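K.L.:
So you can see what is in the structure, the chains are spelled out below.
There are 4 protein chains.
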Amino acid sequence: MTKVAIVGANGYSGEELCAILARHPRVKIVSVTSRQHSGKRVSDVLPRLAGLPGIGPLEFTETESEKVLQTDAEFIFLALPHGLAAQFAVPLIAGGRKVVDLSADFRLRDAKLFEEFYGSPHSAPHLLAEAVFGIPEIHREEIARAWLVASAGCYPTSILLPLVPLLKAGLIKSSTIIASSASGVSGAGRKPETPLLFAECHESLHAYGIPKHRHLSEIEQELGWAANDQVTITFVPHLAPMNRGIHTTIFAAPEEDVDLSLITACWKATYEAELFVRLPDSLPDVKNVNYTNFCDIAVRLDSRTGRLIILSALDNLVKGAAGQAVQNFNLMAGFPEGEGLV
Amino acid sequence: MTKVAIVGANGYSGEELCAILARHPRVKIVSVTSRQHSGKRVSDVLPRLAGLPGIGPLEFTETESEKVLQTDAEFIFLALPHGLAAQFAVPLIAGGRKVVDLSADFRLRDAKLFEEFYGSPHSAPHLLAEAVFGIPEIHREEIARAWLVASAGCYPTSILLPLVPLLKAGLIKSSTIIASSASGVSGAGRKPETPLLFAECHESLHAYGIPKHRHLSEIEQELGWAANDQVTITFVPHLAPMNRGIHTTIFAAPEEDVDLSLITACWKATYEAELFVRLPDSLPDVKNVNYTNFCDIAVRLDSRTGRLIILSALDNLVKGAAGQAVQNFNLMAGFPEGEGLV
Amino acid sequence: MTKVAIVGANGYSGEELCAILARHPRVKIVSVTSRQHSGKRVSDVLPRLAGLPGIGPLEFTETESEKVLQTDAEFIFLALPHGLAAQFAVPLIAGGRKVVDLSADFRLRDAKLFEEFYGSPHSAPHLLAEAVFGIPEIHREEIARAWLVASAGCYPTSILLPLVPLLKAGLIKSSTIIASSASGVSGAGRKPETPLLFAECHESLHAYGIPKHRHLSEIEQELGWAANDQVTITFVPHLAPMNRGIHTTIFAAPEEDVDLSLITACWKATYEAELFVRLPDSLPDVKNVNYTNFCDIAVRLDSRTGRLIILSALDNLVKGAAGQAVQNFNLMAGFPEGEGLV
Amino acid sequence: MTKVAIVGANGYSGEELCAILARHPRVKIVSVTSRQHSGKRVSDVLPRLAGLPGIGPLEFTETESEKVLQTDAEFIFLALPHGLAAQFAVPLIAGGRKVVDLSADFRLRDAKLFEEFYGSPHSAPHLLAEAVFGIPEIHREEIARAWLVASAGCYPTSILLPLVPLLKAGLIKSSTIIASSASGVSGAGRKPETPLLFAECHESLHAYGIPKHRHLSEIEQELGWAANDQVTITFVPHLAPMNRGIHTTIFAAPEEDVDLSLITACWKATYEAELFVRLPDSLPDVKNVNYTNFCDIAVRLDSRTGRLIILSALDNLVKGAAGQAVQNFNLMAGFPEGEGLV
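Protein chains in written order, with my numbering: chain A, 795 to 1136; chain B, 795 to 1136; chain C, 795 to 1136; chain D, 795 to 1136.
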């Protein structure tokens, strides 16, 4: 059994991580931390987790890196707000632990880009070169060798899984990409803020964070890597009245002489052997991916305008957060990639 | 046009009051207050209200009684947390204004009962004798003459409208009354607290506040008044994943020889001429009363156990708060009772 | 009092029409029809409408044009499925009644376009020239003079209100327009079909009807009229887990040298005096327009790509159906445009 | 690997069964049937199940007992409407297969009671003596030996798990029991009926099926068995706007001298070693049990009236249907009881 710790386990991603890892056949959770609930039983604070064999009588400890270093956890999952995660990772990496970070702190390779999008200098820029962007379907080999994986976020995963193979193959015009996404409210975190109240979000749907959402930085970094060129896209996220799920609709023009069959053939070649990317005939729906680590992808051609309409769906807390983190961990630990996830 | 002020207009009840009064043909809103948003335009803070003729360019003023007294509002609606409302009412009443209070502060006639249920002494006990409990269908004449009306709450209204006539007529055994209610989340107020987040309340349903919910005090006071005897009931509220609506299911044993037809005849006699109490053949559903001032009431007999099953539904923000407040106001102002509400 | 009939009153739009017209100060509803519920009381079938003064003891009659012609209704509202509405309108118009049609049957001026998008020949092509496309903010004068108004649909209204003035003024490039909309489930009608079940739509979000949704025909007809040129756009509707509301996000490139201020100035000039189009500073949200006849419109510039992001929101059953129908009716009847709607 | 068939796999319970059994480490699904979708791939009809190792390229076969008998399935799960299940079970049992029935057909030991509650004579009364009522925590030994298990329904499980031990121990007065439940809409099945549409159920909450709901028959049979006496209760189910989950609130008077500690001690003794019954300190909430096989139980004393308020929550599709069926199957097959469920 591989020993792991979960730092910041009281957020939605942290709770989901606990739920997945508590059932993982090769994992023993040795520590979970929470600033707010230190000293309390996990099963009292998060009654959903009570009764899971891997949780038992575990208590939250304080969210301090020294405490975590005192445990014998080989792997540390960081489910912290951005900024805080970078501070935490430094001593853990220095202490020889492997880290799977669910925050945005190590997703960008360029510290200046981080500062541009997050508004403050990066606190551990020396780790950026070492960190691997954590989407297994895209960076599997590097992840397997990494000490520090920056597990990718929910919006980016929903955009990158369909687009990266198409840009690599030169099938679409990168300057025409527009992505319009809708997210369930858990994506905003367990934060007691008025705009996230039930009575504000139910029977509500609205865009937010436009025109320059923070996630654009990691999306464009990876699209640019795939296209081997700078890529700038338009991205509009929306908040939709559901707990879980990201649905993304992407508009893009194909390159000359590229028809629908080339798009689907490219995806089939890329994803046929993948455990967690499905290519359904029907249009993706968050209800089919929620509570799973799957990402569903489909495409239609609008022959009247020549545009491709690309659609994807995933669970923001699983393939968009905790599930992907465990998938990354499985690679790093040398386990079968789907262990604990299927 | 009668001039009115709304104190604490940024909560859900206050916002609904603004929406109703802005369309009321005999009302001019001269002042709205908000601790949090003083100085801002109402239509910017609450975009739902933008474009309503009665709102126009109104700005929130500070929630201070002196400010309100400087206006020429004849009627003041208080949509404040309990405790605060009582402090506010004193100078307003002293200043000759009529007050419709939506809080719990003046609903109990007994200051000791208030202290028992609310945990602190009443700050204006001298006003309790003067205040009238505000359900027009029950206390119409007193309301019409009152200076201070304590508009009844949502759970109590859903329980009192069906039960008061039955207890007055001696048709049910008061010791057998059990009420189980479900409320939409707006009933908890616009408070940035974790348990009220969308992702906590959606796909969730749970009881709370048991076994001694604060609203029991006003419910039992009025049931006791109707029965001319002390009445103690069991009351279990639940939080249900909807924005609006109270649904109440009441269990009670009829008195000897009382059959279903006597129950329905009693209601028909009491409510036939009422504008806002409906007696549908079908079972009440919050969807039929939401965004209206109606309360729907029905009854079934469980002949296997002899118990009556009484059901009611209303919109917690309208008949359970702002609509009822305006209905009370119409009576106090001598207007047709349904003005601005139908 | 102007006498009106509502044909097909049991659908969601028909029910909403009843609710609005029952409160309209200058209207008397003399007949409501329903194939399914003929002979039953409206208030029994649709308990939400019980107790409204304008409904009273009304019973549904059969949905037959002869029955409707036997009434003395001056205005007939048709809330029927497409195809059926056209058959109905012919004898009513011939009988001298004015018709407000909520279906798609008379929205296209070109019978061939109807056949292309709806799959069967138009049954009353001679009426197409006479019918006026029913968005008052766009065709006010023609509506006021019309005998037959084809009240516009929900998606088209959410797209046309923001875009028509911009195309008229030559501010955006019509070939770049992409519209991505999300609709509440009531937009699909009261049809007992598996995909519309609660347990299919809740915690669900998906695109549908792509790439050639029927509503494209009326959208492009009106955009082309505004641009004085053929316009072809990409349109992707989504079903979102809410009862009511349309949210539309539109992507478009401005013409050379057009900046954001020209866009907002154009809207201000067009809509400043309008009762039902609001230009909020904040981003539109369906919760602010639901249960109202407002359409909210806003714009942001994505300066990184040069694209405009235009957002709109309306209630699909009010400004997208019944409310707009009544607004059209008010114009046809010579009443103040907002009568019964504010 | 034990071979199983799932008959009627297209309903919500059947789909959930497929999802659980497809991941069960000791099970191979050899056949799934659907009247409606025979010949189609399971993963096309139910895209949620695509990509699960146990589903693969499986196709639905026709729902005919001969077809099922032609497979080598040792265990047959019946997820059929009541009435149909009984007809199916006869040849399967005769053919030597073990049957786990999720319908109501074999839950009652008395064929007359079945006819009273279901309105038609039982078609296979000879099997009633053989069938075992399927709640493992109550009838574990009989289930392990049974050929035919009638897996208990969702409402009954939520009522029986808390009450059976208390009645067995003589701690509560059976004549005082009242149960008020709220169910998610998936409990009503995947049936295209107007009252189950999203736009009918969202922002809606109402009672139904009163005063004599069919499930009362199995509830009272088992309560009577526990009390060793006839038990008649009042039961009011409600439909709540959520996909999954049953929440039940039970009112009952304790026997003389029974205090709260005796109740909780009784539960602790009964359930301490159980895998799937939890006794949280906090009040049960469906969100904590959804997507799990847990049932949460708690109690409070209303000391003002002397009544116990007992609360329970479970997922109607898991512990209330498919999960419980698999738990029963595990017992029948001699597997660890939690296999495939934790």
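Quick caveat, the hints were computed from the structure, so don't treat them as lab data. Wrong hints could be hidden among the right ones.
Identical chains share a label here; the pair holds if one copy fits it or two copies do between them.
As the list claims (entries may be wrong) - Only pairs whose alpha carbons sit at most 30 angstroms apart, straight line, appear in this in silico DSS-like list of lysine-lysine:
(1) K1062 - K1006
(2) K962 - K822
(3) K1062 - K985
(4) K962 - K985
(5) K861 - K1062
(6) K797 - K906
(7) K892 - K1062
(8) K834 - K985
(9) K967 - K834
(10) K822 - K1062
(11) K822 - K906
(12) K962 - K797
This structure is a prediction, so every number in the text was calculated from the model and none was measured.
K.L.:
Take the hints in turn and mark each one as holding or not.
P.N.:
Comparing the hints with the structure gives:
Taking identical chains as interchangeable, the C-alpha atoms of K1062 and K1006 lie at most 30 angstroms apart only when they sit on different chains, with a minimum of 25 angstroms there against 32 angstroms within one chain. Proximity of K962 and K822 under a CA criterion of 30 angstroms is satisfied in neither setting, with 39 angstroms inside one chain copy and 40 angstroms between copies. For the homomeric pair K1062 and K985, neither the shortest alpha-carbon distance inside one copy (40 angstroms) nor that between copies (35 angstroms) is at most 30 angstroms. Proximity of K962 and K985 under a CA criterion of 30 angstroms is satisfied in neither setting, with 38 angstroms inside one chain copy and 45 angstroms between copies.
Proximity of K861 to K1062 under the C-alpha cut-off of 30 angstroms is found in neither arrangement, the shortest distances being 46 angstroms within a copy and 35 angstroms between copies. In this homomeric assembly, K797 and K906 never come within 30 angstroms of each other (Cα to Cα): the closest approach is 35 angstroms inside a single copy and 58 angstroms across copies. Taking identical chains as interchangeable, the C-alpha atoms of K892 and K1062 are never at most 30 angstroms apart, the minima being 33 angstroms within one chain and 41 angstroms between chains. Proximity of K834 and K985 under a CA criterion of 30 angstroms is satisfied in both settings, with 20 angstroms inside one chain copy and 25 angstroms between copies.
In this homomeric assembly, K967 and K834 never come within 30 angstroms of each other (Cα to Cα): the closest approach is 53 angstroms inside a single copy and 37 angstroms across copies. Taking the shortest alpha-carbon separations for K822 and K1062, only the inter-copy value of 27 angstroms comes in at or below 30 angstroms, while the best intra-copy value is 36 angstroms. In this assembly of identical chains, K822 and K906 lie within 30 angstroms of each other by CA distance neither inside one copy nor across copies; the values are 38 angstroms within and 54 angstroms between. In this assembly of identical chains, K962 and K797 lie within 30 angstroms of each other by CA distance neither inside one copy nor across copies; the values are 37 angstroms within and 44 angstroms between.
Hint compliance for this structure: hints 2, 3, 4, 5, 6, 7, 9, 11 and 12 are broken, all remaining hints hold.
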